[in-house]
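Novice: Chains as they are written, first to last, in the numbering used here: chain A, 1 to 238; chain B, 1 to 238; chain C, 1 to 238; chain D, 1 to 238; chain E, 1 to 238; chain F, 1 to 238.
Rather than coming from a laboratory, the hints here were simulated on the basis of the structure.
Nothing here was measured: the structure is a model prediction, and the numbers come from that model.
You may find that some hints are simply not true.
Unchecked claim - Below, in silico cross-link-like pairs of lysine-lysine (BS3-like), each with a Cα-Cα straight-line distance of 30 Å or less: (1) D:118 <-> F:130; (2) D:118 <-> C:130; (3) F:158 <-> E:232; (4) D:130 <-> F:235; (5) E:118 <-> F:232; (6) E:232 <-> C:118; (7) B:237 <-> B:26; (8) A:222 <-> F:130; (9) C:33 <-> A:118; (10) C:33 <-> D:33; (11) C:158 <-> C:12; (12) C:130 <-> C:232; (13) E:12 <-> F:235; (14) F:232 <-> A:222; (15) D:153 <-> D:130; (16) C:118 <-> D:222; (17) B:232 <-> B:118; (18) D:118 <-> D:130; (19) E:12 <-> F:26; (20) B:118 <-> A:130; (21) E:118 <-> E:158; (22) D:153 <-> C:118.
Unchecked claim - Output of the computed footprint for chain D on chain C, the stretches with three or more beta carbons under 8 Å from beta carbons of chain D: (23) 38-45; (24) 206-220.
Said to hold, decoys possible - Simulated coverage check for chain B against chain C, where a stretch passes if three residues somewhere in it have a Cβ under 8 Å from a Cβ of chain C: (25) 47-54; (26) 66-77; (27) 148-158; (28) 166-178; (29) 189-198; (30) 201-212.
Just so you know, even glycine gets a beta-carbon here, dropped at the ideal spot from N, CA and C.
Protein chains: 6
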Amino acid sequence: MRIFVINPNTSKSMTDHLRQELERIKRADTELKVVCSEYGPITIESAYDEALAEPATLERVRQANEEGYDAVILACFSDPALDAAKEISDIPVVGIEEATMHIAAMLGHKFSVTTSGKNRVPTRDLHARKHGLESRFASSLVLDMSVAEMDAKPEEAKARILAVAREAVAEHGTEVIILGCAGLAGYAEDVERELGVVVLDPSSVALKVAEALVDLGLRHSKIARFAPPPEKEIKEKA
Amino acid sequence: MRIFVINPNTSKSMTDHLRQELERIKRADTELKVVCSEYGPITIESAYDEALAEPATLERVRQANEEGYDAVILACFSDPALDAAKEISDIPVVGIEEATMHIAAMLGHKFSVTTSGKNRVPTRDLHARKHGLESRFASSLVLDMSVAEMDAKPEEAKARILAVAREAVAEHGTEVIILGCAGLAGYAEDVERELGVVVLDPSSVALKVAEALVDLGLRHSKIARFAPPPEKEIKEKA
Amino acid sequence: MRIFVINPNTSKSMTDHLRQELERIKRADTELKVVCSEYGPITIESAYDEALAEPATLERVRQANEEGYDAVILACFSDPALDAAKEISDIPVVGIEEATMHIAAMLGHKFSVTTSGKNRVPTRDLHARKHGLESRFASSLVLDMSVAEMDAKPEEAKARILAVAREAVAEHGTEVIILGCAGLAGYAEDVERELGVVVLDPSSVALKVAEALVDLGLRHSKIARFAPPPEKEIKEKA
Amino acid sequence: MRIFVINPNTSKSMTDHLRQELERIKRADTELKVVCSEYGPITIESAYDEALAEPATLERVRQANEEGYDAVILACFSDPALDAAKEISDIPVVGIEEATMHIAAMLGHKFSVTTSGKNRVPTRDLHARKHGLESRFASSLVLDMSVAEMDAKPEEAKARILAVAREAVAEHGTEVIILGCAGLAGYAEDVERELGVVVLDPSSVALKVAEALVDLGLRHSKIARFAPPPEKEIKEKA
Amino acid sequence: MRIFVINPNTSKSMTDHLRQELERIKRADTELKVVCSEYGPITIESAYDEALAEPATLERVRQANEEGYDAVILACFSDPALDAAKEISDIPVVGIEEATMHIAAMLGHKFSVTTSGKNRVPTRDLHARKHGLESRFASSLVLDMSVAEMDAKPEEAKARILAVAREAVAEHGTEVIILGCAGLAGYAEDVERELGVVVLDPSSVALKVAEALVDLGLRHSKIARFAPPPEKEIKEKA
Amino acid sequence: MRIFVINPNTSKSMTDHLRQELERIKRADTELKVVCSEYGPITIESAYDEALAEPATLERVRQANEEGYDAVILACFSDPALDAAKEISDIPVVGIEEATMHIAAMLGHKFSVTTSGKNRVPTRDLHARKHGLESRFASSLVLDMSVAEMDAKPEEAKARILAVAREAVAEHGTEVIILGCAGLAGYAEDVERELGVVVLDPSSVALKVAEALVDLGLRHSKIARFAPPPEKEIKEKA
């Protein structure tokens, strides 16, 4: 099968990293195309970034449909434009947050999600509610370290991740931790080993859910929430 | 006070109509600027339309801040880009859906919302949950008539609106009806008179909520959910 | 417009204070009458006090209707007799708790409410549920200081308010703080400045919501929850 | 044991009827005192009636405590002044709605409640939420017949009750029906026999719950929600 | 009346202890039979133990029906096989967890439940949701002491119980504590005296609820959730 | 990979049918073992049947672990003994109801589940709540036809399924239908074609979710809800 993976930001290095990760775990018979958006913000860290990233992301979704792919993955944890993508797509669209939250709910009673800054905590809360999983969502784990800081000080990063995870297990009943920030996989092994929790990498989970949906011949329902949008005049930016 | 009203689509006629309505009910000391987006879809009827409308809508939000207005109103019932708008705004931003659902909850036990087609029913459901009002949201009332059809056959339109409203009152316990589709105000008088329910026009409600917030010197909290987005590289569309 | 403000307790000094606050922020074209109940408890700090305060409060609601006012405000944070008041009133009745909780939900993800003692914490919880806002209600902030103590030791009062607010921001995700105890406005400026949260004074918010409803020609629905009560024999106290 | 039963309205005939019913099912070692309020409305059919009934009801609660009874029952389905009664009482106070809803939740998946008019439907909804039982509450069954009409036309009354119950079973998944209107016991036998649902008479259920609590030496917790109200000045009605 | 009490595990000493407790508080006219399961696990501390205990428990339920008892009590706090027991029983079946959670909800705003180890915390959470009481369930109180340890070190046990209870009152708003572990009654007096919370012993509460149901002539509804299971071939273990 | 599929009942013909279905859709590199329980009920249609089926099902789960399989599937829509199976298993255990409800929630706004008789409707409701998906669960679709009747009258069966599905789409907003009864796949094609809804076969979905989990090297968390049960004495049936 052929799966089209969209990194909704415009960072080529993050896209390369994502491609390597997914190539490593894809099935032998899965062919991947991993691309970023042609325009928009370099990273997505706010609702504003999401809004600016959505039009280019949706162009990629159209491209995946036109090029005959079997499924699309939106590889940004906020799932920007997920509903719109499902509307314009005849092939299944998998949002990495949506897919990972549902898999997490099967693997433990409560799950927590790492987040870089406290400004995204309310959004995570609202997304858990959107997916109907508020009773299984334990907490956001605020790292308060940028990706750059983590790269520069890996031991500090590991210690920080372990500290918030330990608190989540003890205080919030967390049994599964979702790595909601990019590039954490390497730092999280200690968490799994020391705390015994399950740790999920959202892009990996989404790839496997996409493969499963394609195997099953399934896509999202098109009769209401994801019905094709009506054709209409779109005024171009001057 | 000076209030900046954004019609997030690109329809000048709808914008003119909106301006007339709001000019009629604004306070004497309120000055309004009512504009539509400079680019994007001519109407907003899907998540896809919303996504395409958001960048231009956010440019208008910036403009309102730069021109020293006291508040912004997003005048499309789906509240496109509402969270992003609050992030980039130092003045209060009022979404007409959000404001009207909260006022509706004060005026009756349950409220229903008219919607043109059944494809928007799940979205309304999700938005009621987003605003935390799912226990007060009774139902979406699907009209299954386009604005054009309503204009052409006003008696049929009135009958249709009355029929769905009557069913909502009898079956869903609706006490307040929100006109979630543009241009219905004229057709809804019968509903109020014959059924005794309260009928809300969202743009009007939002204007009065905006005036109230300005009077109170309030805006949205900027410490987490609506914190200013970090500065970053935005790649332009080629 | 003419707005009738009822302080449901019998404290003339609190009523005078309330009148001064509201006169200061009312619109120029708004005329206020601010009165307390003719009989009942001097302050309202329990469900028992509420029950005793309700009959006299409802007499004031009737008076407001008879004297041709445009709206009624119930100015006690527990909104005593709010449903009953709406039943017997043909003009809108605004409860300060109800109105302020809804406005708070528009201004931030989660709100907290100050309360003088821990005995009112469950009631606040139940009221948030009654208004359908339990998913946006973060916590009650117990001050454990009486109004008298606050007056006597203003620096301690300020420090106490700041401490509970800081904890709410850090631990409960609070973005908006509602001053659920009378007379706190003066002490709360530090909270707004140091923590960046939005602070709401319920009586002020309610006045502006009332002005908005009158402008819009709205009142609560009278078809079910707030239908006029049937006429009947009321046996007088001997 | 000695149980003090308060009919919160002022109808002596309803009180006599209640006394007969309860005397018939009380345990041999239970002594009952069944009284109505000394003043207030003759029946309770609105929030307004509730508010007017509460002060006299609370006087009866004090009397029960002073006369050394072991428990108090509030025998009106809206449980007027229930929280206030628990605040001022050192003996357990059983509200017939609260007790019956909890027992109903043990006896079937979903319960419905009969109500005389549609104006009480929202209140029932809110009370189910107050008791935390909204997921088990199926519906209100509106009879649209007054007690007088039922007395005059018993066959019609039986048919009406059977019709709404049948619809509840088929449409709402009701397994238990609570007789939320007084004087229905006689008419409801057909419902039990023909539909197989469990039918609960709230006053009877409350009496048995009260006997159980007294046997167990239990009363409500007094540390927060039902803490004794502070002593204070209560201004008498002139 | 005659009540059949099933201890779903196979511990004779726990059964003897249970019999003594219940004989002490039963009504004079109540006759008790208190038995344990004939086969299955010696204690029930996991979902696995529950599953193994259910067939033998259900045999006891059949026996109670065949021997003409008036009610059955399942005396293990996880209520193993409760739904199945109600399906095969024509007499009321009272689960001690279900009954006690409902009574707790009447006696205070929030209740907590003691549990021996943290592995049962998610189950308690899910059971509170099953009974529809999640909004009133405050927390599980993990004792982290085995029954043997408690017997050996009674002073430590008391201190531990008091410590978790104190935290629950201060942090979770707990007003009622349910002793979810067997044999705690003796250690919990300090909790009631020092903290003022209500403490509930589930077996005692269940007995009184059973007596109440028998007095009322009630059993669970048999029309859907607890309908008699269809007759069918059951293959015996070889 | 090697996947062990347990049919928790004792019907060899249903097991054969299940094996054929799964062999047809498994990946080439997946090896299946599909077995039924060695003892217990021939079909599972009640909580009683579930309870009787659990011990033998758990023996199969142990066998799968001992024989070095990579994952276990419990192939009965009520997921009997799912939590217990996860406790005793070191390899992932996939319940077909749990997995399918989560996948359904990704593919449409609301899902419905077919059920043979109305007695299972409350259970489905409770399971949706257990999985945290109550806000996405639309309804149970009661077929009121036995498997035998469906076999005998295939045209009637198709018509019946289409009728309940059509009602679910129109009345409950259903976008995805889960075939909660065995052997319906053949009858459901019309539903997909005529109504445009997505139709899910739970066993197929579960197989693909199991393959995905094995690919990802994941299993359920073992730190609390699914911690290994303590060793203990299990008394054998005489």
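Novice: Give a verdict on every hint.
Specialist: Here's how the hints hold up against the structure:
1. D:118 <-> F:130: violated (33 Å)
2. D:118 <-> C:130: Holds, at about 19 Å.
3. F:158 <-> E:232: Satisfied, since the Cα-Cα distance of roughly 27 Å is no more than 30 Å.
4. D:130 <-> F:235: violated (45 Å)
5. E:118 <-> F:232: Since the Cα atoms of residue 118 (chain E) and residue 232 (chain F) sit roughly 18 Å apart, the hinted pair holds (cutoff 30 Å).
6. E:232 <-> C:118: violated (57 Å)
7. B:237 <-> B:26: violated (39 Å)
8. A:222 <-> F:130: holds (28 Å)
9. C:33 <-> A:118: violated (45 Å)
10. C:33 <-> D:33: Violated. Residue 33 (chain C) to residue 33 (chain D) sits at ~47 Å, over the 30 Å cutoff.
11. C:158 <-> C:12: holds (25 Å)
12. C:130 <-> C:232: Satisfied, since the Cα-Cα distance of roughly 28 Å is no more than 30 Å.
13. E:12 <-> F:235: holds (12 Å)
14. F:232 <-> A:222: violated (53 Å)
15. D:153 <-> D:130: violated (35 Å)
16. C:118 <-> D:222: holds (12 Å)
17. B:232 <-> B:118: Not satisfied, since the Cα-Cα distance of roughly 39 Å exceeds 30 Å.
18. D:118 <-> D:130: With a Cα-Cα distance of about 20 Å, the restraint between residue 118 (chain D) and residue 130 (chain D) holds, given a limit of 30 Å.
19. E:12 <-> F:26: violated (50 Å)
20. B:118 <-> A:130: holds (19 Å)
21. E:118 <-> E:158: holds (19 Å)
22. D:153 <-> C:118: Not satisfied, since the Cα-Cα distance of roughly 52 Å exceeds 30 Å.
23. 38-45: With 7 residues closer than 8 Å to chain D, the region 38-45 of chain C meets the three-residue bar; holds.
24. 206-220: violated (count 0)
25. 47-54: Contact hint for the region 47-54 of chain B vs chain C: violated, 0 residues under 8 Å.
26. 66-77: violated (count 0)
27. 148-158: Since 0 is below three, the answer is violated.
28. 166-178: Satisfied; 4 residues make the cut.
29. 189-198: With 4 residues close enough to chain C, the hint holds.
30. 201-212: Per the Cβ count (6), the hint holds.
The structure is inconsistent with the numbered hints 1, 4, 6, 7, 9, 10, 14, 15, 17, 19, 22, 24, 25, 26, 27, although it conforms to all the rest.
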